[in-house]
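2 protein chains.
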Amino acid sequence: MVDEDKLFNLLGNETRRMILRMLSSGPCYTTEIAEKLNVGQKAINEHMRLLQEAGLVDLYVQKQSRGSPRKYFKINKSVRLEFFIGPYRFDTSLAKLFDGDFKKLFLEFPQLKEFEEKVKKSRHIREISKLSLVFDSLNEEHAKITQAKDYIEHKMDQVRQQCISVCDQLGLDDTEKRIVLEIVSAGGVVSTKQLAERLNIGEDRAISVLSVLEDKGILLTQ
Amino acid sequence: MVDEDKLFNLLGNETRRMILRMLSSGPCYTTEIAEKLNVGQKAINEHMRLLQEAGLVDLYVQKQSRGSPRKYFKINKSVRLEFFIGPYRFDTSLAKLFDGDFKKLFLEFPQLKEFEEKVKKSRHIREISKLSLVFDSLNEEHAKITQAKDYIEHKMDQVRQQCISVCDQLGLDDTEKRIVLEIVSAGGVVSTKQLAERLNIGEDRAISVLSVLEDKGILLTQ
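Here the protein sequences come in this chain order: A and B. Per numbering that gives the first Met the number 0, numbering of the first sequence is gapless, rising by one per residue and ending at 221. Per numbering that gives the first Met the number 0, numbering of the second sequence is gapless, rising by one per residue and ending at 221.
Just so you know, these hints were derived from the structure itself, not from any lab. Errors might be hidden in some of the hints.
[What the hints assert, rightly or not] Straight-line Cα separation of at most 30 Å, DSS-like style, residue types lysine-lysine; simulated pairs: (1) B:Lys41 with B:Lys73; (2) A:Lys215 with B:Lys117; (3) A:Lys129 with A:Lys112; (4) A:Lys192 with B:Lys192; (5) B:Lys129 with A:Lys215.
[Unchecked claim] Coverage of chain A stretches by chain B, computed from C-beta distances (three or more under 8 Å per stretch; other residues unrestricted): (6) 42-55; (7) 145-155; (8) 174-186.
Remember, it's a predicted structure, so these values are computed and weren't measured experimentally. Ideal Cβ placement from N, Cα and C applies to all residues, glycine included.
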């Protein structure tokens, strides 16, 4: 599976975003993509190679009623990428599709249960306008949940700010502060290797700052 | 405010992502950024200019106890960018911080109410380890809500797939199918201009396909 950094590099290119948008409503073949986007076929080939390598796109060959078989591309799987940036926050996350336990989820969010039924029943719907209504109710629930998520993230930001102000009162320097924030954000436990990577410092340096913080009684090293 | 496309272009660059990560734990000055990332100052200046233009980063000048004043950069605001890609889905969204109505939110999600209290009380906490516990409980709730969101998105994918199969049964062609999907995903109403942009076709073409779909009794034009 592609990692977050690679995905950002891929999505940083506008043509690739347009290709993915095209494929998201159905498979396409190379010439079709090149023509619709008005980009040379050679460039499209290179973009497709990168998207395939990342596992975002699959290639298959389909015989044509006339002429030679065509190479088609399609989206391989559903991916969600999230990026957060704030004065005390930098986060990226790559999510898979839902694969959790429904029962547990419905216990926490009983309002979701109706959608399980609704979408199951909608398999028999043959009218687009009715499917559109089902989708609409999902859209509405989605907006509510997004707001709940925003709320929790807002609270997270507040706690991060509180951490910063405690660090300032304790007279911690910049690196010490960053390490404290990383540990708190990670839920209390981070390896020295992860810390070093995230702060872009050597692991030795991370270990020595950690022991200073331990001496000051701020953190515990496991 | 920066739009989604510009943000993707900005984040597509690894150095810029590293700069944002650095700034997310506190303001930095140019030389500091250049040295830590081992990138030339001229290149950093250009990155900073782009980040400033996008409104992600602010510049301020701070006097130094010795020597000339320094230009500092800091993160300007909290931004969340989401990107979805799937066989029947392409979505990007840019969110602001929570600015909704708490009462309404707590009615839908009573479990969030305790966090309002918890984070308010945590202002008086002076121990990092205790703040870390508060953060931990937020992390846990965040994971649950994310799962609920994943669930709804999964159901959305299923309804989109049902739309596709109805379209196939109705014998719709590719563009017709794409237009139906866009309209359903948007909750039933999309302007012809938006449709044209999203499908990368002319507005004339969008209008003519819409009238075909109307003649077939699949859609209504307003």
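Legend entry - Agreement of lysine 129 (chain A) and lysine 112 (chain A) with the hint, judged by alpha carbon distance not exceeding 30 Å: Satisfied, since the Cα-Cα distance of roughly 20 Å is no more than 30 Å.
Inset, instruction - Verify the coverage statement for the segment 42-55 of chain A against chain B, using a C-beta to C-beta distance below 8 Å and requiring 3 or more qualifying residues. - result: violated (count 1)
Inset, instruction - Could you grab the alpha-carbon distance between lysine 41 (chain B) and lysine 73 (chain B) and see if it respects the 30 Å cut-off? - result: OK: lysine 41 (chain B) and lysine 73 (chain B) at ~19 Å, within 30 Å.
Inset, instruction - Examine the segment 174-186 of chain A for residues whose CB is less than 8 Å from any CB of chain B, and state whether their number is three or more. - result: holds (count 9)
Legend entry - Distance restraint between lysine 129 (chain B) and lysine 215 (chain A), which requires alpha-carbon spacing of 30 Å or less: 16 Å, holds
Legend entry - 30 Å limit on alpha-carbon distance, applied to hinted pair lysine 215 (chain A) and lysine 117 (chain B): Roughly 27 Å between the alpha carbons, so the hint for lysine 215 (chain A) and lysine 117 (chain B) holds.
Legend entry - Whether chain B covers the segment 145-155 of chain A (at least 3 residues having a Cβ closer than 8 Å to its Cβ atoms): Holds: 11 residues of the segment 145-155 of chain A have a Cβ under 8 Å from chain B.
Inset, instruction - Mind checking the alpha carbons of lysine 192 (chain A) and lysine 192 (chain B) for me, to see if they're no more than 30 Å apart? - result: Roughly 50 Å separates the two Cα atoms, so the pair is violated.
When the structure is compared with the earlier hints, violations turn up for hints 4 and 6 and for no others.
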